[in-house]
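Please model the complete structure; the sequences and the hints are all you need to start from.
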Amino acid sequence: MDADKRICGRDPDGQFVELAVEVFSMLADATRVRLILALRDGELSVNHLADIVDKSPAAVSQHLAKLRLARIVAARQDGQRVFYRLENEHASQLVTDAIFQAEHSLGGTPRHHHGRPDEAST
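The opening position of the sequence shown corresponds to residue 4 in our numbering, with each subsequent residue numbered one higher.
Check the hints yourself; a few may be wrong.
Cβ-Cβ distance ranges computed for the label pairs, FRET-style [unchecked claim]:
#, residue 1, residue 2, range
1, SER108, GLN83, 41 to 49 Å
2, ASP44, LEU72, 19 to 27 Å
3, VAL20, ARG84, 32 to 40 Å
4, GLU106, ILE55, 19 to 27 Å
5, ASP81, GLY111, 41 to 49 Å
6, SER108, ASP44, 24 to 32 Å
7, GLN83, GLN18, 35 to 43 Å
Derived by calculation from the structure, the hints in this document are not laboratory data. Where is the CB? At the ideal position from N, CA and C, for every residue including glycine.
If you want it as structure tokens, here you go:
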């Protein structure tokens, strides 16, 4: 985790800016965001993911293939079934933060601020 706190990607002219844009582009799809949300709690099969996101297994497989090429998810085969998991916690955090930002755009007090101990006195 300490390696993630280094300054390597903070230079606005750095190579990581272009890669970050590619990551955001990969996440700019509602089905892929839903897949990442579904995978936050662990590994799931393609068919289970298809049920969760209400898409065909073939469509889900195509989205997962793109996420795998971007190294956002990893796959494991068990016989005929393929299981997917998040490669690391960063994609999940990006999606969570994007949803929190979306809640802020609606105005008022966002849902994610309700029930926080540090907010109770305000």
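How the hints compare with the structure:
The beta-carbon spacing between SER108 and GLN83, approximately 43 Å, falls within the hinted interval of 41 to 49 Å. Between ASP44 and LEU72, the C-beta spacing of about 23 Å keeps the proposed range 19 to 27 Å intact. The hint said 32 to 40 Å for the Cβ distance between VAL20 and ARG84, and at roughly 38 Å that hint holds. Separation of GLU106 from ILE55 is about 21 Å and conforms to the stated range, judged on CB atoms against 19 to 27 Å.
Range check, ASP81 to GLY111: about 46 Å between beta-carbon atoms, so the 41 to 49 Å window is met. A C-beta distance of roughly 26 Å is found between SER108 and ASP44, which places it inside the suggested range of 24 to 32 Å. A beta carbon spacing of about 40 Å between GLN83 and GLN18 agrees with the range 35 to 43 Å that was offered as a hint.
Comparing the model with each numbered hint stated earlier shows that all of them hold.
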